[in-house]
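S.K.: Listed below, chain by chain, are the residues.
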Amino acid sequence: MNNPSAATATNVSKIYGHGDSEVRALDNVSVQFETGKFTAIMGPSGSGKSTLMHCMAGLDEMTEGSVTIADIDIASLKDKELTRLRRDKIGFVFQSFNLVPTLTADENIRLPLLLGNNKGNEEWIQKVINTVHLQDRLTHRPSELSGGQQQRVAVARALASEPAIIFADEPTGNLDSTTGTEILSFMRKAVNDLGQTIVMVTHDPVSASYADRIVFLKDGKIAGELLEPTPELVLDYMKKLGH
Amino acid sequence: MLRIALKGILGRKARLVLTSLAVILGTAFLSGTAVFSATLNRTFDNLFSDVFRNVDAYVRSTQVIEADFGAEERQRLPQEIIAIVEQVPGVADVQGDIQAFARIVGKNGEPLGAEGAGPPTFGSVGEEFKGALWTISEGKFPSNSTEVALDEASAKTGNYAIGDRVKIVAQAGSRVFTLVGIASYGDVRSPGGATFALFDLATAQEFLAKPGFIDNILVSGDGTLSDEELTEAIARAIPSSYKAETLTGAQITKETQDQIGSALSFFNILLSTFSYIALGVGSFVIYNVFSISAAQRQRENALLRAIGASKKQVTRAMLIESVVVGLFGSVIGLFAGIGLSKALSALLKAAGIDLPTGGLVVPSSAIANTIVVGLIVTVSSAWLPARRAGKVPPLAAMRETAIEVVALTRRRTIFGFVLIALGAVAIVAVTNGASNTWLGLGILLVFSGTITLGPVIARPVALLLGKPAERLRGVTGTMARQNSARNPKRTARTASPVLIGVALVTAVAALAASIRTQIDGVFTEQFKGDYAISTTARGFGGLSPSLADDINLLPEVERATGIGLLTVKIEDRGQYLTTINPATAEGVFDLGLTSGTYSDLTADTIFVSQQYVENNDSKLGDTISITLADAQVKTLSIAGIYEFDEIAGKYTVSRDLIKDSTVINFDLGVYIKMKSGVPEESARAILQSAVDKYGQGTLLSKREYIDSQSGQINQLLGLIYGLLFLSVIIAVVGIIITLLLSVFERQREIGLLRAVGMTKSQVRTTVRWESVITSLLGAVVGIVLGVGLGWVIVYALRDQGLSSFSVPISSTVSILIMAFVIGVLAAVYPAWRATRVNLLTAITTS
Chain A
1 MNNPSAATAT
11 NVSKIYGHGD
21 SEVRALDNVS
31 VQFETGKFTA
41 IMGPSGSGKS
51 TLMHCMAGLD
61 EMTEGSVTIA
71 DIDIASLKDK
81 ELTRLRRDKI
91 GFVFQSFNLV
101 PTLTADENIR
111 LPLLLGNNKG
121 NEEWIQKVIN
131 TVHLQDRLTH
141 RPSELSGGQQ
151 QRVAVARALA
161 SEPAIIFADE
171 PTGNLDSTTG
181 TEILSFMRKA
191 VNDLGQTIVM
201 VTHDPVSASY
211 ADRIVFLKDG
221 KIAGELLEPT
231 PELVLDYMKK
241 LGH
Chain B
1 MLRIALKGIL
11 GRKARLVLTS
21 LAVILGTAFL
31 SGTAVFSATL
41 NRTFDNLFSD
51 VFRNVDAYVR
61 STQVIEADFG
71 AEERQRLPQE
81 IIAIVEQVPG
91 VADVQGDIQA
101 FARIVGKNGE
111 PLGAEGAGPP
121 TFGSVGEEFK
131 GALWTISEGK
141 FPSNSTEVAL
151 DEASAKTGNY
161 AIGDRVKIVA
171 QAGSRVFTLV
181 GIASYGDVRS
191 PGGATFALFD
201 LATAQEFLAK
211 PGFIDNILVS
221 GDGTLSDEEL
231 TEAIARAIPS
241 SYKAETLTGA
251 QITKETQDQI
261 GSALSFFNIL
271 LSTFSYIALG
281 VGSFVIYNVF
291 SISAAQRQRE
301 NALLRAIGAS
311 KKQVTRAMLI
321 ESVVVGLFGS
331 VIGLFAGIGL
341 SKALSALLKA
351 AGIDLPTGGL
361 VVPSSAIANT
371 IVVGLIVTVS
381 SAWLPARRAG
391 KVPPLAAMRE
401 TAIEVVALTR
411 RRTIFGFVLI
421 ALGAVAIVAV
431 TNGASNTWLG
441 LGILLVFSGT
451 ITLGPVIARP
461 VALLLGKPAE
471 RLRGVTGTMA
481 RQNSARNPKR
491 TARTASPVLI
501 GVALVTAVAA
511 LAASIRTQID
521 GVFTEQFKGD
531 YAISTTARGF
541 GGLSPSLADD
551 INLLPEVERA
561 TGIGLLTVKI
571 EDRGQYLTTI
581 NPATAEGVFD
591 LGLTSGTYSD
601 LTADTIFVSQ
611 QYVENNDSKL
621 GDTISITLAD
631 AQVKTLSIAG
641 IYEFDEIAGK
651 YTVSRDLIKD
661 STVINFDLGV
671 YIKMKSGVPE
681 ESARAILQSA
691 VDKYGQGTLL
701 SKREYIDSQS
711 GQINQLLGLI
721 YGLLFLSVII
731 AVVGIIITLL
741 LSVFERQREI
751 GLLRAVGMTK
761 SQVRTTVRWE
771 SVITSLLGAV
781 VGIVLGVGLG
791 WVIVYALRDQ
801 GLSSFSVPIS
811 STVSILIMAF
821 VIGVLAAVYP
831 AWRATRVNLL
841 TAITTS
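The listed protein sequences derive, respectively, from chains A and B. Note that the working numbering has the first sequence beginning at 1, numbered continuously upward. Note that the working numbering has the second sequence beginning at 1, numbered continuously upward.
Treat the hints loosely; a few may be bogus.
Straight-line distance between alpha carbons at most 16 Å, and here's what the computed EDC-like set of lysine to aspartate or glutamate pairs gives [what the hints assert, rightly or not]:
#, chain 1, residue 1, chain 2, residue 2
1, B, Lys-760, A, Glu-81
2, B, Lys-130, B, Asp-93
3, B, Lys-760, A, Asp-136
4, B, Lys-702, B, Glu-680
Source of the hints: derived by calculation from the structure; they are not laboratory data.
Chain B extracted, bound-state conformation:
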């Protein structure tokens, strides 16, 4: 039997290739993402072990505020600790370090690096030091307050050479420096695509951070002590009142690598999620191909049965074929995936996420995983068709045609409806207060139910969707319509991958549309000005607070106010506070105060949201104790309560709060109201020149600003669409394979049609419309499911502030158009094959 199976496979190379194609695509994405992730991790690991090569010990503050999303803000250390560390025996060299926001402005006036998206832009210390992170490749390290060094990549993109004047924007404003050196980070020109401006320590403190303070201390030993002994000696030497900790070079390397690792792990999980979705979609295609091929080989299998092969042997022969296909496909998929990982970096680059590239890492786990998973998916997809093949009665050998049996059982219909009903019950339960975890189960049940019902709904829906084809194309349209409905199981299985892809895309689009509507509403309500200066930098850097002050001084401006974020600790938990300038906020940024006025907000008071008051049962005059990042504790009394908490969150404070601390604070937006009568053009020009002085931020009209805020979601959308695109490719391949097999199966029919006068172009039309109808079938059902899914997700996120659900009309329309185009494209090759059918073999008997 093994030999028969193998001969069977080799005898039909075309089918081997077609079946394997689905496996190849599914596993290629799996291996591609694994290789990509491994390569990325290795690149960063190497980078940091290289950078910290000569650092033997590392001193930093123990005071850290951890906020949501793994963000942390570590307190600074006073500079005198450097002197203490220098005195420790065994220490050869010590360097105070600072890493803070700084943005290099290119020669053409454009700031380097993508704002908000992509790698961060840093300012740091570059001084001669044995354990230095930076090495000078050209020129020298900066040695006074007018000099700067840049990383190699930035110098190149900024088009700068030694001696040039370079404009840099940082917390203290914008300043021009002389470029004296070009440096590399370890061996790389730029660490992970981040830009670096390097200063001497004093300049870095004053320009980037706070005079007298440093972020951490790098220590290089003289070799008399081991790193552990050195670290211990330093730790002992620093008085505990400084709240500092000392790590070995190995520890800080490991910690940094782990931090990057966990930052990347979210990304890796995202990638592998989508690769498993793609593989799941691919398994439909594999299942479909095996089903069709089992049907087409019905006579052959029946003959085997008639001459004495057992059911088991026929089934086993087919399973052996699936093992061969699975292995063959997975191995090719593995290699295709390695190529794909390169394409993936290109895709992410296009989406604005620039990542460093290094030598390809192909972990053995990825090889094993790809082949094992590919094999399991293939063989299990072939399981049912193989069993069905074994059940073929020997008498079928005598039958004329071998067309797949199309029996739609009542059991299937009932089972499908029961699944959907159970899913609906789970979802309704959640809307009545049950836990959100039931939603996942509900969604899964509804999806499974729909797929189960697929063959039942395929026929009526395909006939309905085919109506226009019939109207438009006459008898060729009629035939396409009937062909797409003649084997509902096959049509449903072919449309399922499209369905899944479209449902996911629609759900994501619905979620995005809802978020956008929400953001739009919120900003329209709370932003009362005419213009805004926006920066998309989040959590790191932003607009200098003096920008709002400068604009306020302009005679044409009625009022301008800056809004920022501050990370503090409340009851030992990291929290974000919104910082405003109470003197200028009124009438520009509306909090919807229900008690108190803006003037009540001082350095000793705080405003809280209505929601907060309700949740905490607090009232005006209650106090809240907060710990700033520099460990200062402030007790603030509640002086106002506001309604609009979508932008401001739970707490709003005055920016005066941090006037006397080492904490630095940026504005994330400046809202501006012009005096009445200032013409739009001159208003823009005046404001733009103020913005240009800082080289940071974008001037936007009210409408543009609101659009840009709601448009931020688009970047994430782009990434998700890109990843789902791979599922779409698999769906297209599925349609192509099914059509090819159908064309093969209908050779005689096509031959007959050609004989009685169907032209080649009419043959193509028939195949094309069948393809389009199948694709649209998947799209239409997918959209219905996707909108439902989107609604469910939006509902699940109601606590996160999503209150309105929007149907993504434009996305839905473009999905339908795309489904149409996909149908047309998928049909190109099968339609061509159909025109190549030999008339005579089709019409002559025997």
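Bound conformation, chain A alone:
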């Protein structure tokens, strides 16, 4: 690969308020997410992990610094261009309320493509649908699907447009552990078999252990990194960081 980095943050700060009441949610953070890897961002509540993800995914504006996604500097983009970037280059999986209730599972999966009036790669879409085992659920509406099925649809949607990077925000937070494991294996498979790049925010050591690499955040700063993690290693590292 020519460019190993799917997304890069350079000196990113996010500041709320002014003067005495100033809060630094992100304080001069620089980080790279490699193409074809599964990275987890961990940290206690208030550490800035969600804020980092929102800033890097173009969902929130940063106060300082720069972010590039697929070699595009997002700070220079206008709302319309940023929206197109999210649509074409980024996949999203949120913790809950991931799907549009009025659309079928199939329409939800193809939503970013449909919004872009883009047919997409049908072969790839079928492959994605097969990977998450949704073949016989395609005509159902979200209300007719279980929580796990809904998250699978969300993962499939994130993959459907072959994005440069997928951001997942606590994707298993609302699921029981069996279903959660299932979703995590799908994401792992998407990286291994389909060559996708995933960045996942989580506070759960078990979830994080599915990743190739974990980036730890504390008080808005990068607090450390862990490669090839196991749940035990993660717990040890977290103790070391003091929480």
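Given the coordinates of chain A, work out where chain B should sit on it, guided by the hints.
M.R.: Then chain B, alone, in the frame of chain A:
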């Protein structure tokens, strides 16, 4: 609980404003029409008490013919009564008065005043008199047969100054006078927008009416007697053979005020009918807003229930909110209505009905009515949603989403169909001979049934109407289509105001189209000429009978005949007779004679319609006794029977009938057949110059004439559309409010869509199409109902001569286009709001 309710209201000011908006609009129209009516009544009341200020007694004939629609024709008095009244002790001054048709022609050659529409154009007497209705503000009163005075407003619009030559058209033809004075009526420049040309008595008699006769006598006392004593003295002095009555100044003032009052009351009833329609439409919006807001507050209410509030308390909190909204909205509506009353005069002015303006009158009854009605409508609209809010289970507090429960019960479907079926039965019963009163009930039942079924039909119809949006706009269209169908109750309630407005407009348009088709057919059948001279003046003034005679003398004209109306008494009831000139009618105006020929119609005979013969079992040679307006009795024998009674009515007489009476008669139309070979252009020029001599009437080709006859309905249509427009505004506001609340409710969904790549313009598209689908839903169902309603009304009027029903195709198409535009416009603000949804609050949990 009261405090919680009030805090709740203040905490959501935006919703207070939105909910109140519906109340404001509904009550504004209510108060607007009340203020408008009161102001109008007061203006006329003041005008007449001012005008009759110095009139102590008033003498007029007791002989009066009352015809349909409150029209009356009072007989004239012989002039010698003036001398009798002058001799009565206590009388200081006496003035014979005449009020008749006269039209002032402006300096530019255009007659003043709208022909037919708007206030009448009068000729009257203007002489120096203590109790005079007129006061000279410039110049002097006319004193000979060449002089005239004009009311101030006419002098101004006609661009006339003292010394100018003024052309005036009246019964005796057109004549030119010298303007010697400018007068005002009481304190106003022109009474109610009517135009007045004033002459000395002798000229007025000869030019406007009949020499030797007057309409009434104004008396001014010398102050030695009270008005009552004076009136009694005069009454005693006039021999009973004159058939005259004497009224006090106060009585004639009161009578005139009452006459105007009752003429205005029709108008007031029309206005308040439409204001209640608007309020009814508004109550749907209010109900909808409370329903949605109850649903959106489900969690909050459930929490209250969970911590120990009773069902009753939750319900009461919501009712308190509705009281606050009702009061707040009604008070603002009251003031908005006062502004609206001004707009209403402007609207009527635009529709050709010019009314005098005076100081605003805000009657306390209007204030009380507006606030009480506004409050009742608001609270009763909030009743059901409030009860539903109380029923929320405490467990709902734990639930994630708070979306309105969408349970469509079988009961509703059955109930709706039963209502429609009952309505249909009532209507079918009428078509099988039952009384027309059942129609009203039938219509009401069908309407209620449709509204009840609304939520049931909303989903399939919205999905159907949304198909093109999906085709056109891809996934944004799909979402709009699904959004409009996702909560059928809400969609139905939002579309209902549109439905009601559209149904009423369509019904009126269908009625109008049917009338137009009918008129078109009738005139095509009976009017055989090439040209017509038409005047839209009805019942008052018209074309001088000599116009037809003049045109008949033209060498290029084959034949021209005048048609007029005459009011007479038959068996003590006022009746209209059609007057024709039997010598010239044949081949131009076709009555469809089944027996007799035109030459059989003389001063001693009458033609009657086939219908009349059947109803009265009469035959040729039977006699009919009629009383003319001057009390002459004529016995006429039936000399002909005709088939076409749509224009002529039951009776047709020769204009020779009134040759020897004081009755004046105008033609309402002159039908002309040209000699063959006269080119169209020169025919027009020749006829036009004949018309110009009289300054009255419009020359029209056969086609133009028929179109203008059927086009007369358009003016009424314009007024009704204007009034219904207010309901449409309320419907639009209803759509806006619902969309705003829906957008608010779907914040997370919109945020998600924005996150995964929906652009702002796509967000707007989705909202816009949802709005358009909702609006079209109301329009389509409304059109179906409206066409049905129109048919029912046309059917009910079958006895009035409406035989054919026409579907108003062009109106229907324009309604659909308008519904589309309304949908687009209503979505503008909600769509903008939707693009302002914060991405992060939408997608982050907690």
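S.K.: Hint by hint, note whether the structure agrees.
M.R.: Against the structure, the hints come out as follows:
A hinted pair counts as satisfied when its Cα atoms are at most 16 Å apart, and B/Lys-760 with A/Glu-81 qualifies at roughly 11 Å. Our distance criterion of 16 Å between C-alpha atoms is met by B/Lys-130 and B/Asp-93, whose separation comes to about 6 Å. Between the alpha carbons of B/Lys-760 and A/Asp-136 the distance comes to roughly 33 Å, so the proposed pair goes past 16 Å and is violated. A threshold of 16 Å between alpha carbons decides the hint, and for B/Lys-702 with B/Glu-680 the separation of about 12 Å falls inside it, so the pair holds.
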